[in-house]
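The residues making up each chain are set out below.
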Amino acid sequence: MTKVKLYSRFAPLILIVAMFCSACDVPDISEFTKQSAEMTRGIRKGSKDTEGLIKTASARADLYSAATRAKLKTDLKDYQNGIKPTVASLDALDAYLEALNALAQANKKSEENSSAVVASVTNLVTAISGLTFASSAVNVATGLLTLAEEFRTSRDFKKRVNLAAEIVEGRYVEKRNAAGQIVLDAKGKPVMVKACTGQAEESVTRSGKEIKELFADILTRAHLTEIQLNTLKPMTPGEKRNQLRAWGKMTGAEHQTIRTAESEIASWGCGVIDFIKFNINDLKEINLALSESMFTNASRNNKTVLGFYKSIEASDKRVQRELEAILNYEGLVSLIRELEATDGSPEAIEEMKLRLKTQLDALFIMDGDLRNSVTRAIAGCGQSCGRMRWFVDYVMCDECKPHMVAILNNISKAQFDRGNGFIEEVLAKRAVVLDDRNVKFLDDLKRITPSHSAVVSELDAIQDKQNDLDALLDSSMSALDTWAETHANLRVALNTRKPLTVAKLTSKVREIWSIIEPEKK
Amino acid sequence: MADLDQLEQKVNALDENTSSIFSFKSAIRDIEAAAGTVTDQNVSRLRTILKTYRLKLPDLPNFSRIETDARDLADNLMLATLAKRIARIGARNEALASLTGDLQTQIGKANKDANLLKQIKSGVDKATKTVDEAKSLVDQLTVTNTSTKNKLKALIQSLANVSSVFEPQED
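Residue numbers (the working numbering), protein chains in the order written: chain A, 1 to 521; chain B, 1 to 171.
One should not assume that every hint holds.
[As the list claims (entries may be wrong)] Taking lysine to aspartate or glutamate pairs in the DMTMM-like style, the calculated list, with each CA pair at most 20 angstroms apart, reads:
1) Lys310(A) - Asp69(B)
2) Lys55(A) - Asp78(A)
3) Lys303(A) - Glu16(B)
4) Lys51(B) - Glu166(A)
5) Lys84(B) - Glu213(A)
The hints are simulated quantities; they were obtained by calculation from the structure and are not laboratory data.
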């Protein structure tokens, strides 16, 4: 055997190296795997917390009647059964990336080792080229090639990712404009968009419900024997339908209805990520409905404490406001006297008297009794107070400044001072009463504060839990979008031989965990 | 939707301290009527309206009947929402399980691929070792030595057998 012929028989081995060298294009997905596992852990926490919320509500005898709690317990079981496939799909996402990661790692090692063996075999061939038994080595190479070819054609990393893409990300379709034409990108390639959008969630849910209800109806009507039921047990839904059809328990029309509904579901091309998002959307609504209900019922139960506290607080504020207005009135009277004593400008004195009238009107609005007392006191003063009676009775308005000024001009300083002396006396008496009330209100508030704080804490706890769970579910939805985006980027990375970046997913995962463990933020 | 807009305005206009019992009664009757016709999309909004209403309802003995009605309605709306949402998840479960099953198939294949590559690695390791040994023996072929030649033949044969570590794989 010539050297050339011998080398030519080693060509398959060179092909293996070429195949393995393509393995070095597989990006490192260990970080994607890690972040994905953290994301799914966070989503599992959200579904577990929702379960915890239903469980908590079903145990709150103070918030719900026995009948409502019994229904909540039934719902809890339904929830636990209903959420299992979602948890299984999260487990599958983890297992998928772990398998891809193992594949990527194995690819990498194989590439390194295959280079080493080819070098060794080549050396061997060179060394023994004069011998005739090298055909054995060629057999090895051929065996490897067969195996490698099999791997290359059906088992390579890229194919695995592409085959899984539609399952996890969902289907993509060409984007079309309003006229129905395909939208192209800058490079002239069609812009691809997710098919599972818009009415997909409602349509898939409706069709799924139709299948489920029809199937349940058929099973009820079929009166299956124990043996038949056991035959159906291990079957997939599709197999069950075919079997029921074979037994004559399902009509052709029913079979067709189910197939049509299945086609409707399939037509949207929704992936695992989309389905998990649909479910999280429902978890959000469950959280909202239950948390709001618990909050409102707890508020109603504690309405007396909350209402009493609120009333005392509001009444005390009114008292304090009136006290402040009385003090301000007295302060203004002093300032007017001071201005008059120090030859202040008539304009400034007039301005201050108008302000004094406004202050008095405000006091009358706040306290009807006070108005009566002041009116009586001024009436008792009689002629010696002149037109102070008018000053008291006249109600100020935007256009009545000239009229009020005319009244003030007809009140002498002595009448003004005397009249205000009477008013201040009434105000001082009123202030004493208000002071007492203020002290009493503050005492009441102090007394009721512990029970009020306990109620507020409970309500805050319900509200905080609702907000936290809502934020966790929102972040989970957003992280799932980013997961799909990262998976799509993985496909691009495989084609462009660029590294895969998972920074965005890392950031989303951090967001999820900062909600779950805020103390670690 | 227009009905819920009006209902929302009506409830927003109620005041715990100033609205009459008749206004509260009228509002709860309207809410009850709306609950009978509300769509799935608007049930959350109706619950919010009812929540606003209940938080405004005065805590007075003559309002207790209204409060009981409002609480029952609120609990029923909450339970209906809960059941509906769980049913929605359940309705999609078969399709989700089917997709998860497909994904599991791909996981199985990927794991098989990974194992296959591990086998290749193992085979390559063995082949490398054998070739290294063969090289060492070939180095000794400076003189014609029948015994060494025989050993070399046996070694090369074992190299050929390396391929046996790779078993046929299914797709």
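Tested hints:
no.: 1; hint: Lys310(A) - Asp69(B); in the structure: 25 angstroms, violated
no.: 2; hint: Lys55(A) - Asp78(A); in the structure: 12 angstroms, holds
no.: 3; hint: Lys303(A) - Glu16(B); in the structure: 12 angstroms, holds
no.: 4; hint: Lys51(B) - Glu166(A); in the structure: 43 angstroms, violated
no.: 5; hint: Lys84(B) - Glu213(A); in the structure: 14 angstroms, holds
The structure fails hints 1 and 4 (numbered hints given earlier, in ascending order).
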